[in-house]
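Q: The residues making up each chain are set out below.
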Amino acid sequence: MGRYIIRRLLWMLVVLFAVSAITFLLMHTVPGGPFDREKALPQEIIENLNQRYHLDKPLVVQYATYVYDVLIPKFSSIEPGLSLVDDALVNIRVGDDLWLKWMNFGPSYASRSRTVNDIFRAQLPISGQLGVMAITFAILLGIPLGILAALKQNTVWDYLGMSVAIFGVSVPVIVLGPILVWIFGVTLKWLPPTGWGAKPPYVLGFLPSNIGPEYFKYAVMPVVALGLVNSAVIARLTRASLLQVIREDYIRTARAKGLAERVVITRHALKNSLIPVATILGPLFAALVTGTFVAELIFGIPGMGRYFVTSITNRDYPVIMGTILLYAILLVLANLLVDIMYAFLDPRIRYT
Amino acid sequence: MSVQTEMLRVGAGGQPLTRKRESLWADAGRRLLRNKAAVMGGVIVILLILAALLAPFIAPRPFADQVLVDNNKVPDWVLAVFSNMKPYAQISNDYPLGADYVGRDLLSRIIYGARISLSVAFIGPIISLLIGVAFGMVSGYFGGRVDNLMMRVVDVLYAFPTLLFIILLMAFFRSTFAKPDPGSFAYGMSQLDARLGGMLFIFMGIGLTAWEGMARLTRGQVLSVREKEYIEAARTIGAGHVRIMFRHILPNIVGPLVVAETLTIPAYISFEAFLSFIGLGVNPPTPSWGAMISDGSQVIRTYPNQAVFPALALAITMFAFNFLGDGLRDALDPRLRGTQ
Chain U
1 MGRYIIRRLL
11 WMLVVLFAVS
21 AITFLLMHTV
31 PGGPFDREKA
41 LPQEIIENLN
51 QRYHLDKPLV
61 VQYATYVYDV
71 LIPKFSSIEP
81 GLSLVDDALV
91 NIRVGDDLWL
101 KWMNFGPSYA
111 SRSRTVNDIF
121 RAQLPISGQL
131 GVMAITFAIL
141 LGIPLGILAA
151 LKQNTVWDYL
161 GMSVAIFGVS
171 VPVIVLGPIL
181 VWIFGVTLKW
191 LPPTGWGAKP
201 PYVLGFLPSN
211 IGPEYFKYAV
221 MPVVALGLVN
231 SAVIARLTRA
241 SLLQVIREDY
251 IRTARAKGLA
261 ERVVITRHAL
271 KNSLIPVATI
281 LGPLFAALVT
291 GTFVAELIFG
301 IPGMGRYFVT
311 SITNRDYPVI
321 MGTILLYAIL
331 LVLANLLVDI
341 MYAFLDPRIR
351 YT
Chain S
1 MSVQTEMLRV
11 GAGGQPLTRK
21 RESLWADAGR
31 RLLRNKAAVM
41 GGVIVILLIL
51 AALLAPFIAP
61 RPFADQVLVD
71 NNKVPDWVLA
81 VFSNMKPYAQ
91 ISNDYPLGAD
101 YVGRDLLSRI
111 IYGARISLSV
121 AFIGPIISLL
131 IGVAFGMVSG
141 YFGGRVDNLM
151 MRVVDVLYAF
161 PTLLFIILLM
171 AFFRSTFAKP
181 DPGSFAYGMS
191 QLDARLGGML
201 FIFMGIGLTA
211 WEGMARLTRG
221 QVLSVREKEY
231 IEAARTIGAG
241 HVRIMFRHIL
251 PNIVGPLVVA
261 ETLTIPAYIS
271 FEAFLSFIGL
281 GVNPPTPSWG
291 AMISDGSQVI
301 RTYPNQAVFP
311 ALALAITMFA
321 FNFLGDGLRD
331 ALDPRLRGTQ
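Residue numbers (our numbering), protein chains in the order written: chain U, 1 to 352; chain S, 1 to 340.
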């Protein structure tokens with residue numbers, strides 16, 4: 001298992017290199033530069049800016065510099081937070097005036113007083129909170145719904161569960177979002193139509209410091225809008241896989257030896273039926289990332305979402321690279337976790 | 001490939017009960033017609049196709065017709081439903097669903113919007129099917145090192161956040177083909193795109209990013225038939241690789257692939273809507289439901305009808321395709337009933 005994980009992590013590194021190289025090449029091939037304005041800047045200023053951000057160097061050198069800055073930790077005597085050039089995501093204090101700094105994603109060209117790491121620190125926690133709540137909601141709703149539908153196949157419960165599921169897959173966030181806002185935010189005025197309930201500073205860097213009714217009031221609609229779609233996918237899969245499992249011989253054996261139905265279902269059937277459900281958690285996570293972005297736009301949540309589009313239209317190279325790499329890392333890690341989870345759920349699976 | 005079913009049983013009176021021989025497709029068709037939800041979905045899809053094709057005749061007005069003095073006007077019945085608008089809304093019954101912020105008829109725009117959604121619903125899967133099947137077939141058929149390498153490519157693409165990749169690709173297409181010299185390839189592309197209201201690049205973007213799942217599925221299917229005797233037989237009589245792939249393997253695996261792709265249609269529709277929502281979809285004034293929802297969301301507090309109606313259109317279309325897709329899958333492979 002340990003060797004398998006190491007091999008996977010190495011492969012992950014290769015994938016990330018490929019992703020970063022392709023993105024780098026593609027974004028530099030897109031015509032236009034970060035300093036194009038409606039009213040063109042004087043040539044000298046553009047040259048100066050290009051020089052400052054090393055955009056005058058050959059692409060290979062630029063890429064190598066970028067990778068070096070992100071990947072290689074270095075010692076610095078500048079206190080974190082003071083320098084824009086030297087802003088790293090991970091700062092470890094090693095001496096009185098010495099910090100070990102790692103992962104410098106560079107400056108943002110569009111908002112010149114911020115770095116990509118600043119954006120990560122301020123916006124990512126919000127997207128993260130939304131994403132985690134949405135996936136929790138999806139799992140907590142989807143799995144019981146699927147189980148109920150499977151155990152009571154062809155009854156009202158089954159039809160109800162599957163109706164919810166088909167509703168979920170047919171009503172994307174951009175449809176459900178505005179409708180929820182209209183019903184609960186505008187007409188009934190129960191919930192605030194836009195905004196997010198937490199502000200920096202965050203506990204441990206990502207947890208909201210004011211968890212309470214006020215915080216959840218803002219979170220309810222986006223979490224439901226995002227989670228419902230995914231819970232539908234989970235519910236359908238759980239139902240299908242549980243239906244298959246409860247017809248297996250070992251379930252009959254379990255029943256035959258006189259186990260209580262509850263034990264048969266929880267201990268024997270459920271655990272096995274959740275394996276296919278685990279497989280889709282990876283892709284689901286990816287979908288959620290995209291969905292979070294949509295939900296943020298609709299509900300006016302100040303998360304990472306808007307940087308996806310604006311960074312590309314602004315040709316804000318470091319922000320593009322940063323966001324793509326960040327999500328690629330999350331995605332590969334999620335897939336790795338899913339694979340490890342298999343081994344836990346199904347003892348027959350052994351990785352070597 | 002047709003599965004012949006012939007059942008011979010002995011009935012109560014000692015007479016043999018025979019069931020008519022039926023081809024797979026006839027059998028599937030019968031099962032499909034028995035599924036009420038699927039039939040309803042199919043009817044809605046047909047109506048949508050008709051609406052999209054006949055849009056110029058059905059729509060009360062041209063989609064880009066702006067009557068600025070009529071901006072945000074609503075008819076009486078809409079006002080009755082969305083009662084919060086009563087204090088300020090201006091009434092005009094010329095617009096069945098109301099007018100938007102520049103006085104364009106919402107209903108006409110929704111009808112024309114069906115064109116975009118339906119084109120994506122059909123062309124998106126076809127592109128992804130073409131690329132994915134070709135890729136997966138080569139990978140699965142040749143196996144070994146080729147397979148390994150090709151699947152690693154898929155792995156890398158899989159790690160890309162699809163959305164970011166597509167946004168990047170669209171920006172790339174849009175600006176690369178922006179204003180090139182007349183007569184060149186790029187010029188032709190941008191002309192074609194302009195003709196299609198900006199849809200060409202959406203198709204290319206979606207097609208280039210959405211085939212990975214199909215490639216994996218195809219490869220799996222190829223692996224399962226590759227070692228069958230009839231493939232070996234074909235090889236013995238001297239059939240080439242291409243011939244084996246297209247004449248012997250493809251017909252045997254295409255069924256499940258098409259069904260799997262049908263199930264992804266709603267995903268393409270919502271993807272296009274989403275791209276238009278963030279302003280990367282079709283060029284204005286070509287109407288797309290996503291763009292309309294986006295515009296409507298801006299005024300959702302004051303004129304909710306402008307977001308709710310296109311949202312309903314999108315949802316109904318998604319429902320229809322989902323019901324039809326589920327029904328098709330159940331009909332073609334009853335064992336899979338209720339699975340993904």
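Derived by calculation from the structure, the hints in this document are not laboratory data.
All figures in this text were calculated on a predicted structure; none of them were measured in a lab.
Just so you know, even glycine gets a beta-carbon here, dropped at the ideal spot from N, CA and C.
Don't take every hint at face value.
To be verified - Beyond 10 Å from chain U on every Cβ pair, some chain S residues (computed):
1. Pro-60
2. Asp-65
3. Asn-71
4. Ala-89
Stated by the list, open to error - So the derived label-pair ranges between C-beta atoms look like this:
5. U:Ile-6 to S:Asn-84: 53 to 61 Å
6. U:Asn-154 to S:Asn-84: 53 to 61 Å
7. U:Trp-157 to S:Ile-316: 39 to 47 Å
8. S:Thr-302 to U:Gly-2: 56 to 64 Å
9. U:Asp-36 to S:Tyr-230: 57 to 65 Å
Q: Compute the least Cβ-Cβ separation between Pro-60 (chain S) and chain U, then decide whether it is above 10 Å.
A: For Pro-60 (chain S), whose nearest Cβ neighbour in chain U is about 24 Å away, the distance exceeds 10 Å, so it holds.
Q: Please verify that the nearest CB of chain U lies beyond 10 Å from Asp-65 (chain S)'s CB.
A: Per Cβ check, Asp-65 (chain S) is outside 10 Å of chain U; nearest 25 Å; holds.
Q: Between Ile-6 (chain U) and Asn-84 (chain S), is the Cβ distance one that fits in 53 to 61 Å?
A: 60 Å, holds
Q: Per the hint of 53 to 61 Å, is the separation of the Cβ atoms of Asn-154 (chain U) and Asn-84 (chain S) within bounds?
A: 43 Å, violated
Q: Non-interface claim for Asn-71 (chain S): all C-beta distances to chain U beyond 10 Å?
A: 19 Å, holds
Q: Honestly, do Trp-157 (chain U) and Ile-316 (chain S) meet the 39 to 47 Å range at C-beta?
A: 26 Å, violated
Q: Note whether the CB distance of Asp-36 (chain U) and Tyr-230 (chain S) lies within 57 to 65 Å or breaks it.
A: Holds, at about 60 Å.
Q: Does the no-contact call for Ala-89 (chain S) survive, Cβ to all of chain U over 10 Å?
A: 14 Å, holds
Q: Should the hint that Thr-302 (chain S) and Gly-2 (chain U) are 56 to 64 Å apart at their CB atoms be regarded as holding?
A: Holds, since Thr-302 (chain S) and Gly-2 (chain U) (Cβ atoms, about 60 Å apart) stay within the stated range.
Hints 6, 7, counting from the list given before, are not met by this structure.
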